[in-house]
Amino acid sequence: MTVIIHPSIIGIIVGLLIFIFYRRLFNYLALITAIFIFLLCLNLQEGVYHYLTVLNLDLYIKVDKLSLFFCYVFSLIGVIGLLYSLHEDNRFVSGPALLYMSAAIGVALAHDLLSFYLFWELLAFTAILLIISSRTKAAYYAAIRYASIHAISGLAFLLGMVYLILDYKINTVMNFQELIGTFPYYAILFAVVINAAMPPVHFWLPDSYPNASIYGSVFLSAYTTKSAVYALVRMFPGDQIISVAGAIMAVYGVIYATLENDPRRLLSYHIVSQVGFMVCGAGLGSYEALNGASAHAFAHIIYKGLLFMSAGAVIYSTGIEKLHLLGGYARKNPWVAVYFFVGALSISGLPLTSGFVSKNITIHSAAELQKPLQYLLMEVASVGTFFSIVMKMGFNIFFGYPKSDYKVDSIPWNMHLAMIIASLLCILIGIMPSYYYELLPYEEHFIPYTFTNVANSLSLFSSTALVFFIVAKLIAPKPKINIDTEWLYINIGKMLYDVFNRVLIPAEYKHVGEFYRKLIDSCIKILSNTVTNINFSYLRIIGNSLPKVVYRSAIVISGFYDGNLMKYLQYILILLTAILALFLLV
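Heads up: the sequence shown runs through residues 8 to 593, numbered per the numbering used here.
Check each hint, because a few of them may be wrong.
Straight-line Cα separation of at most 27 Å, DSS-like style, residue types lysine-lysine; simulated pairs [stated by the list, open to error]:
#1 Lys69 - Lys176
#2 Lys339 - Lys480
#3 Lys144 - Lys487
#4 Lys410 - Lys329
#5 Lys501 - Lys487
To be clear, the hints were calculated from the coordinates, so they are not data collected in a lab.
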């Protein structure tokens, strides 16, 4: 097989160097590297290629239309995000972002399970670095919680992978439908749905993404969940339970988003909702539905990145992160309002936007496959998306009267340019879908602009807007905390803590502690008997000789120091060099 340079390897090497030897100037190196990786992805040819040998194991990448489609958008949003954060002087942004992007591309290209697992774990590690990029106490705690849940995901995938390799002799990323009902099938599926943020194991997403820096949130919104969508399309297409769970997920995320007061937490819940559409498409399993899941993932990465960039621009310029304290921002910075509403209308699926030509594929597939429950839930989620983002979030940030006396600082040129590029992509995909559809992995044609589709969309959104203005005061942002499924895990944790503290620890102290106490007592008795049998004449010789040795050593050492500090430092460096050389030789 042909050997190829893996795009991810380049990003990993450069990303590590930037993170270790960080200087602000290296942000430009990260951006240039991301552009190079994007161009490299554009030039990949379909096939299976060997790229590395580790411990006599050959690792391969598989390039087909599905992996290429995800590679294009993973590298593209990396370029946009690094441009957006170009001015930021933060070790935990550009280097980890490049690593994060490379890990996602690695997942999309992995042909063997070991490669997939390694990049899957790198996704989790680099996401943690981006979460703590805000350097706040809340971010550190969120990173710990993120690491805990994704350690479970990694362990589940590892167990399933080992089982597949040892018992089934399978080491290939493939469609696992033939293995349904087996332990490795459900172990790997469990790992994937954690990363997809499927309720009730979704709490890590709205917990961690808003606590990252405004730059880290842009990257976090793109990679982990969409890598999981890729895994579902590749490994678990046609699982009907997944399709129902995805449709429920779409509505669940919208409900919580509507209740939110924090703009980035609101957008995080909409990731849960929008990924639900993609999960449903993967579960429906038809070629059209799989195209819908893939197309929606591509479009979502762009418009969700745009929404996080817009929200980040508001936070950057005002320092305010609560909806109930904003209002009237459009009068102070109209361009950010334009960027936001392009993204908001795209995520809602308005005609002439990327969301309309991508989201409707999955909804149409549910109708064609006669899945009324999935169809109805996705339609409800679409209405809720327009209601919560365009109307609630958009109105309370950009229109009305300012609810606090805030000032607006200027926004760097690179942030504007990144949002302009993302906005243009949202519009271009919406008005020229034929070029977009040519990139889709499966030969299945969908016509988005029919009279029925457009009329349904416009009627739904116009009626939703009317309802919003009727109930606007009832759903006005309020400074409160919404309880999600994390309360379940918190209470389980408290219960386990009580069990350990009141039952297991006393039992351990009583039995194990008593064993060690007796063991230590026995060792002390043996040692004391040994010491008493030593000939004390040897101790007297040592006691008489030790002061003389110390005195003569002090005279010798003092001869090396004559008041010349530089000479003294040279001796120290020579000694350290000798120790290091000895260590390396040994």
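Hints, one by one, checked against the model:
no.	hint	result
1	Lys69 - Lys176	holds, 19 Å
2	Lys339 - Lys480	holds, 24 Å
3	Lys144 - Lys487	holds, 20 Å
4	Lys410 - Lys329	holds, 11 Å
5	Lys501 - Lys487	holds, 24 Å
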